[in-house]
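Here the protein sequences come in this chain order: A and B. So the first sequence is numbered by our numbering: it starts at 1 and just counts up by one. So the second sequence is numbered by our numbering: it starts at 1 and just counts up by one.
These are calculated hints, taken from the structure and not from any lab test. Please note that the accuracy of each hint is not assured.
Unchecked claim - If you want the ones that stay clear, here's a sample from chain A, every Cβ over 12 Å from chain B, calculated:
# : residue
1 : G92
2 : K244
3 : K288
Stated by the list, open to error - Computed Cβ-Cβ distance ranges for the label pairs, DEER-style:
# : chain 1 : residue 1 : chain 2 : residue 2 : range
4 : B       : K252      : A       : G296      : 33 to 43 Å
5 : B       : R116      : A       : I258      : 39 to 49 Å
6 : A       : K271      : B       : S297      : 52 to 62 Å
As the list claims (entries may be wrong) - DSS-like mimics (lysine-lysine), calculated; alpha carbons at most 30 Å apart, straight line:
#  : chain 1 : residue 1 : chain 2 : residue 2
7  : B       : K133      : A       : K247
8  : A       : K244      : A       : K301
9  : B       : K271      : B       : K252
10 : B       : K191      : A       : K245
11 : A       : K148      : B       : K252
12 : A       : K247      : B       : K191
13 : B       : K245      : A       : K268
The model shown is predicted, which means the values in this text are computed figures rather than measured ones. Cβ atoms here follow ideal geometry from the backbone N, Cα and C, with glycine treated the same way.
Protein chains: 2
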Amino acid sequence: MKIIIDAMGGDHAPAAPVEAGARATRELGVDIVLVGKRDVIERELAKYQFDKNRLEIVHADEVITNHEEPAKAVRAKKNASVVVAGRLLKEGKGDAMLSMGNTGALLATGLLIVGRSKGVSRPALATLLPTDKGPKLLIDAGANTNCKDINLVQFAVMGSIYMKNVLDIDRPRVGLMSNGEEEGKGDALTKETYPLLQRAGVNFIGNIEGRDVMEGNADVITCDGFVGNVILKTVEGMGSVISKKVKGLFLKNMFTKIGSLFVAGGLKEFKKMMDYREYGGAPLLGVKKPVIKGHGSSDAKAAFSAIIQAKKFVETNVIQNIEGHIGSMEVIKDE
Amino acid sequence: MKIIIDAMGGDHAPAAPVEAGARATRELGVDIVLVGKRDVIERELAKYQFDKNRLEIVHADEVITNHEEPAKAVRAKKNASVVVAGRLLKEGKGDAMLSMGNTGALLATGLLIVGRSKGVSRPALATLLPTDKGPKLLIDAGANTNCKDINLVQFAVMGSIYMKNVLDIDRPRVGLMSNGEEEGKGDALTKETYPLLQRAGVNFIGNIEGRDVMEGNADVITCDGFVGNVILKTVEGMGSVISKKVKGLFLKNMFTKIGSLFVAGGLKEFKKMMDYREYGGAPLLGVKKPVIKGHGSSDAKAAFSAIIQAKKFVETNVIQNIEGHIGSMEVIKDE
Numbered sequence: 001m002k003i004i005i006d007a008m009g010g011d012h013a014p015a016a017p018v019e020a021g022a023r024a025t026r027e028l029g030v031d032i033v034l035v036g037k038r039d040v041i042e043r044e045l046a047k048y049q050f051d052k053n054r055l056e057i058v059h060a061d062e063v064i065t066n067h068e069e070p071a072k073a074v075r076a077k078k079n080a081s082v083v084v085a086g087r088l089l090k091e092g093k094g095d096a097m098l099s100m101g102n103t104g105a106l107l108a109t110g111l112l113i114v115g116r117s118k119g120v121s122r123p124a125l126a127t128l129l130p131t132d133k134g135p136k137l138l139i140d141a142g143a144n145t146n147c148k149d150i151n152l153v154q155f156a157v158m159g160s161i162y163m164k165n166v167l168d169i170d171r172p173r174v175g176l177m178s179n180g181e182e183e184g185k186g187d188a189l190t191k192e193t194y195p196l197l198q199r200a201g202v203n204f205i206g207n208i209e210g211r212d213v214m215e216g217n218a219d220v221i222t223c224d225g226f227v228g229n230v231i232l233k234t235v236e237g238m239g240s241v242i243s244k245k246v247k248g249l250f251l252k253n254m255f256t257k258i259g260s261l262f263v264a265g266g267l268k269e270f271k272k273m274m275d276y277r278e279y280g281g282a283p284l285l286g287v288k289k290p291v292i293k294g295h296g297s298s299d300a301k302a303a304f305s306a307i308i309q310a311k312k313f314v315e316t317n318v319i320q321n322i323e324g325h326i327g328s329m330e331v332i333k334d335e
Numbered sequence: 001m002k003i004i005i006d007a008m009g010g011d012h013a014p015a016a017p018v019e020a021g022a023r024a025t026r027e028l029g030v031d032i033v034l035v036g037k038r039d040v041i042e043r044e045l046a047k048y049q050f051d052k053n054r055l056e057i058v059h060a061d062e063v064i065t066n067h068e069e070p071a072k073a074v075r076a077k078k079n080a081s082v083v084v085a086g087r088l089l090k091e092g093k094g095d096a097m098l099s100m101g102n103t104g105a106l107l108a109t110g111l112l113i114v115g116r117s118k119g120v121s122r123p124a125l126a127t128l129l130p131t132d133k134g135p136k137l138l139i140d141a142g143a144n145t146n147c148k149d150i151n152l153v154q155f156a157v158m159g160s161i162y163m164k165n166v167l168d169i170d171r172p173r174v175g176l177m178s179n180g181e182e183e184g185k186g187d188a189l190t191k192e193t194y195p196l197l198q199r200a201g202v203n204f205i206g207n208i209e210g211r212d213v214m215e216g217n218a219d220v221i222t223c224d225g226f227v228g229n230v231i232l233k234t235v236e237g238m239g240s241v242i243s244k245k246v247k248g249l250f251l252k253n254m255f256t257k258i259g260s261l262f263v264a265g266g267l268k269e270f271k272k273m274m275d276y277r278e279y280g281g282a283p284l285l286g287v288k289k290p291v292i293k294g295h296g297s298s299d300a301k302a303a304f305s306a307i308i309q310a311k312k313f314v315e316t317n318v319i320q321n322i323e324g325h326i327g328s329m330e331v332i333k334d335e
């Protein structure tokens, strides 16, 4: 198996992707392609041990920054690292790709270069959220706004297959994000989606509310990308505010610092729960090949987690299963 | 000034509203009308000191429960406590009303009995969120789904006036909840709303993201009620999950229990920050008289805070200011 990594994307690039890629050749038995500026990658790579037979560099000398309009940049910069990585993936020169760079550019690469799966009208970004009952999948987390009912149904199907295959969750419970639990609650979109989800071949548990997100009451949360983005960023923002508060609790004076010694283990656990980096990257579901978006702030450890995830994504045939499920059911096909 | 209280609404009714009402007659110099079952209220009232000249009971023998369809129940149960309270308010037999009961029933009472302000197309529920920079207003927090641009603009105007008058915030910063900060980001609704907000006579700071909610980067957050409800409940759910975690940190063993002694003061502060009850009730803005929804789980202290809030709501002429602002600007009028 060969995994293609955009070595130039992310806050800690190229260090984090290069270190993680080098480690993957030694520990995971996978081949790695690092895409980006050859001299920069080689200089970084010199710091780590890696399996020479399993690692290659493909040169790409452009980079798409956060200030560019993503779709336009992907079309214009044929030699941007993320675009080259996408092209290699499309041409079968690798089995999956991973980028920690600009989210919009990766989405555009997925849509314009890798291409949509047959029957999927809008691919979606799916993010794992750390909850009280383990990681849960929020889909769509921001790729699509102004969705239609069929989109939310397809998100539910794709998310269910991902959670079953990659996270080993049997019959993942699918919740439809709404503003009330009863069947009649919701806006026009969720009211139209509800009956379709009942016939979509997923384990639909009905409407869920914001409370259910962090309580982990659904394994897959399906929603419009506008709502998903708001949820994701609200949770991230609250997590960072509260982490600061809890830290502040202990730094107040000598006595509180002594107190922190007593609860050090628990604090570490708490910090781990609040740290999205433990949970790997966000798969882009609905495109023809496995594409994973790693968090922009990924360090080498987080990037390595994302590579493990990409490997399982490929091994468990997520995409073939998605295409099979969507192709077989009239109610959820859209083309 | 006379404040009408639905004495039968909320998890701790009639105890909490009755105790808070009795206290208000002694400490706030306001008159109180308690609406509900007379014998039940009298029995509860016997436990507290109150100013007899300032307190009256109006009998209402029906109650609307959480299991009823709100608008239907408000129409059918002419003698429900919340409906009677609304009628007294409409007839000028009080200056403001407060209920801790069924949210839908209070909204329906506001719309059907108290009535919309001239020019306001959809009244909204506005909730104060505890953030890192003090309480901020989320509007609409759940009264309206499938909003139009004009609704979001009116929410921004009403929320700004409320924050200025009742929370003494000078030129409240208005943020438009979106999935990205740049002007071009958003869904169809927010893209249409953006230019209108620039001409609405409020201190519009542009799009904000979920991260900004708990960081407190806007004083007024305007959004569709579906999105507002999801934000509010996500924050509440995450707050309760994390409070449990932090508590669990300290209850693990003898050593961690000792640790908790060192940080007791800070922990109390943290708990206070996570406790929405400190922040009073949620005003229903856009109706002709002051209507406040207290949190269902309000104790007597929270109910008393809501009475203080109702008093300031009346004293600072929030409603006249809203009607004046909306009436004077063509861009935000809708009738």
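Quiz item: Between A/K271 and B/S297, is the Cβ distance one that fits in 52 to 62 Å?
Solution: Once the Cβ atoms are compared, 30 Å apart, the range 52 to 62 Å for B/S297 and A/K271 is violated.
Quiz item: In terms of Cβ atoms, is chain B entirely out of 12 Å range of A/K288?
Solution: holds, 26 Å
Quiz prompt | Proposed proximity, B/K252 with B/K271 (alpha carbon, max 30 Å) | solution = holds, 19 Å
Quiz item: Does B/K245 pair with A/K268 here, judged by a C-alpha cut-off of 30 Å?
Solution: Holds. B/K245 to A/K268 sits at ~12 Å (cutoff 30 Å).
Quiz item: Would the pair A/K244 and A/K301 pass a check requiring their Cα atoms to be no farther apart than 30 Å?
Solution: holds, 23 Å
Self-check item: Minimum Cβ distance from A/G92 to chain B greater than 12 Å, as the annotation requires
Solution: Consistent with the label, A/G92 stays out of reach of chain B, its closest Cβ about 34 Å off (over 12 Å).
Practice problem: Quickly compare the C-alpha distance for B/K133 and A/K247 to 30 Å and report which way the hint goes. | Solution: holds, 17 Å
Quiz item: Minimum Cβ separation between A/K244 and chain B greater than 12 Å?
Solution: violated, 8 Å
Quiz item: Does B/K252 lie within 30 Å of A/K148 when you go C-alpha to C-alpha?
Solution: violated, 48 Å
Self-check item: Hint consistency between B/K191 and A/K245 [alpha-carbon to alpha-carbon, up to 30 Å]
Solution: Violated - the C-alpha atoms of A/K245 and B/K191 are around 35 Å apart, more than 30 Å.
Quiz item: Is 33 to 43 Å right for how far apart the beta carbons of B/K252 and A/G296 are?
Solution: Cβ of B/K252 to Cβ of A/G296: about 34 Å, so the range 33 to 43 Å holds.
Exercise. Take the C-alpha atoms of A/K247 and B/K191, compute the straight-line distance between them, and say whether it is at most 30 Å.
Key: This hinted pair is violated, its Cα atoms lying about 39 Å apart.
When each numbered hint is compared with the structure, violations occur for hints 2, 5, 6, 10, 11 and 12.
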